[in-house]
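Student: Spelled out from the first residue to the last, the chains are:
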Amino acid sequence: MLKGHYSFTIILKITMKRFIGFIKKEFYHIFRDKRSMLILFGMPIVQLLLFGFVITNDLKDVKMAVVDHSKDEYTLEIINKITSSGYFKLVENLDGIAQVDEIFRKGETKVVLVFEPDFGKNLVKGSHASVQLLTDASEPNMANMEVNYLQGILQNYNVEINRGKRVPNQIVPQTRMYFNAELESVYMFIPGIMATILMLVSAMMTSISIAREKELGTMEILLVSPLQPWQIILGKVTPYLVLSFINALVIVGMGYFVFGVPVLGSFVLLMAESVLFILLALSLGIFISTVSDSQQVAMMLSMFALMLPTILLSGFIFPLRNMPLPLQILSNIIPPRWFIVIIKNIMLKGTGFEFVWKETLILIGMTAGLIALSVKKFKIRLE
Amino acid sequence: MNTDQKVISVRNLTKKFGAFTANDSLSFDVYKGEIFGFLGANGAGKTTAMKILCGLSYPTSGEIMVAGLDVYKQREELKKNIGYMSQKFSLYEDLTVFENIRFYAGIYGMSSKEIKAKSDDLLQKLGLVHARNKRIGELPLGWKQKLAFSVAIFHNPEIVFLDEPTGGVDPVTRRQFWDLIYEASRNGITIFVTTHYMDEAEYCNRISIMVDGRIDALDTPERLKKQFEAKDMDEVFLKLARKSNYQE
Numbered sequence: 001m002l003k004g005h006y007s008f009t010i011i012l013k014i015t016m017k018r019f020i021g022f023i024k025k026e027f028y029h030i031f032r033d034k035r036s037m038l039i040l041f042g043m044p045i046v047q048l049l050l051f052g053f054v055i056t057n058d059l060k061d062v063k064m065a066v067v068d069h070s071k072d073e074y075t076l077e078i079i080n081k082i083t084s085s086g087y088f089k090l091v092e093n094l095d096g097i098a099q100v101d102e103i104f105r106k107g108e109t110k111v112v113l114v115f116e117p118d119f120g121k122n123l124v125k126g127s128h129a130s131v132q133l134l135t136d137a138s139e140p141n142m143a144n145m146e147v148n149y150l151q152g153i154l155q156n157y158n159v160e161i162n163r164g165k166r167v168p169n170q171i172v173p174q175t176r177m178y179f180n181a182e183l184e185s186v187y188m189f190i191p192g193i194m195a196t197i198l199m200l201v202s203a204m205m206t207s208i209s210i211a212r213e214k215e216l217g218t219m220e221i222l223l224v225s226p227l228q229p230w231q232i233i234l235g236k237v238t239p240y241l242v243l244s245f246i247n248a249l250v251i252v253g254m255g256y257f258v259f260g261v262p263v264l265g266s267f268v269l270l271m272a273e274s275v276l277f278i279l280l281a282l283s284l285g286i287f288i289s290t291v292s293d294s295q296q297v298a299m300m301l302s303m304f305a306l307m308l309p310t311i312l313l314s315g316f317i318f319p320l321r322n323m324p325l326p327l328q329i330l331s332n333i334i335p336p337r338w339f340i341v342i343i344k345n346i347m348l349k350g351t352g353f354e355f356v357w358k359e360t361l362i363l364i365g366m367t368a369g370l371i372a373l374s375v376k377k378f379k380i381r382l383e
Numbered sequence: 001m002n003t004d005q006k007v008i009s010v011r012n013l014t015k016k017f018g019a020f021t022a023n024d025s026l027s028f029d030v031y032k033g034e035i036f037g038f039l040g041a042n043g044a045g046k047t048t049a050m051k052i053l054c055g056l057s058y059p060t061s062g063e064i065m066v067a068g069l070d071v072y073k074q075r076e077e078l079k080k081n082i083g084y085m086s087q088k089f090s091l092y093e094d095l096t097v098f099e100n101i102r103f104y105a106g107i108y109g110m111s112s113k114e115i116k117a118k119s120d121d122l123l124q125k126l127g128l129v130h131a132r133n134k135r136i137g138e139l140p141l142g143w144k145q146k147l148a149f150s151v152a153i154f155h156n157p158e159i160v161f162l163d164e165p166t167g168g169v170d171p172v173t174r175r176q177f178w179d180l181i182y183e184a185s186r187n188g189i190t191i192f193v194t195t196h197y198m199d200e201a202e203y204c205n206r207i208s209i210m211v212d213g214r215i216d217a218l219d220t221p222e223r224l225k226k227q228f229e230a231k232d233m234d235e236v237f238l239k240l241a242r243k244s245n246y247q248e
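Taken in sequence, the protein lines are chains C and Y.
Note that our numbering gives residue 265 to position 265 of the first sequence, counting from 1, and the numbers run on in steps of one.
Note that our numbering gives residue 31 to position 31 of the second sequence, counting from 1, and the numbers run on in steps of one.
Possibly wrong hints are sitting among the right ones.
[Stated by the list, open to error] In silico BS3-like links for lysine-lysine, alpha-carbon gap of 25 Å or less:
1. 214(C) with 376(C)
2. 13(C) with 116(Y)
3. 17(C) with 80(Y)
4. 13(C) with 134(Y)
5. 113(Y) with 17(C)
6. 34(C) with 134(Y)
7. 34(C) with 113(Y)
8. 358(C) with 344(C)
9. 118(Y) with 13(C)
10. 80(Y) with 13(C)
11. 24(C) with 116(Y)
12. 24(C) with 118(Y)
13. 16(Y) with 376(C)
[Claimed, not checked] Partner residues aside, some chain Y positions facing chain C, computed with beta carbon under 10 Å:
14. 88
15. 94
16. 129
17. 234
18. 238
By construction, these hints were calculated from the structure, which means they are not laboratory data.
Computed from a predicted structure; not experimentally measured.
Think of the CB as a built atom: it goes at the ideal place given N, C-alpha and C, for glycine as much as any other residue.
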C-alpha cells in the first residue's frame, strides 16, 4: 500500500515535470515568433482601437436644434457655450417637441436640446433644473459621443455658476436616444472583438502550431516518445488557453477603462463563459489540425471556416435579423453567434446565468462534440 | 554484436490496409548492438513495418517483441526503451541546442541534474560547446543531423530507429555521422536504420531488402553480394528490384 502510494507520487511528479517542460517549450515557440506575438497582442489592441476610435468620427459642427420653453439668460448662455465649443452648430429653433421626430427623420439634425419651462428660475430658486438631450441614435457610436460631449459642457457650466455659492444648483440632463433606445451595438464591438480574437488565438494558432509539428516531423518524435497523445494535445493547448484568457481580460479591461464599456453583470460569470468559449475554440483548433497536414492548410481552413463566419455570420457587424433566412439558419452552427449573445447579456444588460443558460448549453454541447470528433480522428490517424 | 540476445524478434508480421497488404508475413531477428539495415524501394513497406516496431501502429497479425516487450500489450513500456530519428532531423529550429536536449530528455523523464551533466559531455564530444545557446536554425545541416541522432539516444534506449537519417547530407558528413552510429553500437545500442544510399548499406552488419511487402533477402552485405553475384550492394538491390517488376 505504502509502496504503491510512493510510486504514484513519483509518477505524478514525473508527469508534471514533463508537462511543464512541454509548456515551457510551447511558450518559447510563441514568444520567439514575431508573427505569433503580433497576432496575440497586437491584433486585439489594434482591433479595439479601430472599432473604438477610428470608426467613430470626431465631432465637429454637429447640427443641433433647440426647443427652449424658458428663453432666459441661463438657457441662452448654455446654448452659447455649446455652440462656441465648435462641436455643435445651432441650425434651428423649434417650437415644440412634436417636431423632433420629423427633423431627426430628415437626417440633418443629430441633436435636439429641450429646456423645461422656467429653467432659469428652477435653477436659481429651486435646487435643480432639467434639460433633455435628444439624439439620433441610428449611428450609435456618434450618438454616444454627442451625449458625452454635451454632458461635459453642461457640467462645466454647472460648476461655473456654482462657484462661491453655499447651496449648489444642479442642472440635470436627461438623455433620450431616438430610433435605438437601448443603444444596441454601440458597445457591440467589445463582444464582437472578444469572439473574433478568442477564435483567432485559440483555434487558428493552435491548429497552426499542431500542424507545424506535423510538418516539421517533430510530431512523429513526440508520438514515439512515452508521452500519451492526450498529453501532447494538452501541452499544446494549455499555453493558448492562458494567453487567450489574458486576451479576454485585456479586451474587457480596455473596453472599460478606455471606452467606458460597462460590465453590468457578474464579472466571474463573464470570465467563466469566456473560458468555455476558449475551450470550444481550442477543440475546433485541434479538430482542424487533425484534418490538415501543413501549416498552410490549417491557416486556410481557420480563415475560411472560422474567421469569415465569425465576422460575417455572428451578428457582430451585420445584424442577424436582417439576413436572408438560409443565412440565419446557418448562423446557428457558428459558435461565436451564441457567445456574443452571452457576453452582450452579461456585459451590457447585466443579466445573470438564468438568461444565458441555453446558449451556454449549446456551447458546451458543441465543445463536447468537437472533442469527441477530434479524439476519434486522432485515433484513426494512429492506426 | 551478440547473437545470444535478441532485441527485436518478429514472426509473421502482417499489416493490411483494406485489400492492400503492406507487410506480408515478415520474420526476422535483430541482435543487441547490431546495425541492422532495412532497405527497400519506395512503397515497399519499410515505413509501415518501422511504425509497428515503434509502437505507432498496430499490426494486423504476427508476434512482435521489441526490447523484450510485446508491441500489443506493453506499448507504453516499449516507448521508454526506444529512440527515433526521422529524415527531417526533428529538432525545434526556434529553440537553442540545450533547450532541445532538455525538452526531449525531459519527456523521457530524465532529471535536470542528469540532463545537465550529460549534455555537457555530449556537447564536448561533438565539439558544439560554443553552440550550446545557439538556435538550431542557425546551425549547418550536418551539425543538426549529428545532434538529432545524439538527442535520439540521449535517454540511453536499447534500440534506436533511424528513418533515412542521412537524406540531403554530403558524403563527408555522412561518413562522420556513421562514426556516431558505430560508437552507439559499441555502447550496446542496437541500430535499426532505413536508407536509400547503397554505400551506407555496406556499413551495416546485416541488411534486409524488402520487395513488395516481403523480405526477399537478409544477410551480411558480403554474403548477399556473393549470393547475387554482384560487385556491390547497388547491383544486389537492382537485381532484386528487377525480379519484383518481372513478377508483376
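Student: Need the list of violated hint numbers for this structure, in ascending order.
Tutor: Structure breaks hints 4, 7, 16, 17 and 18.
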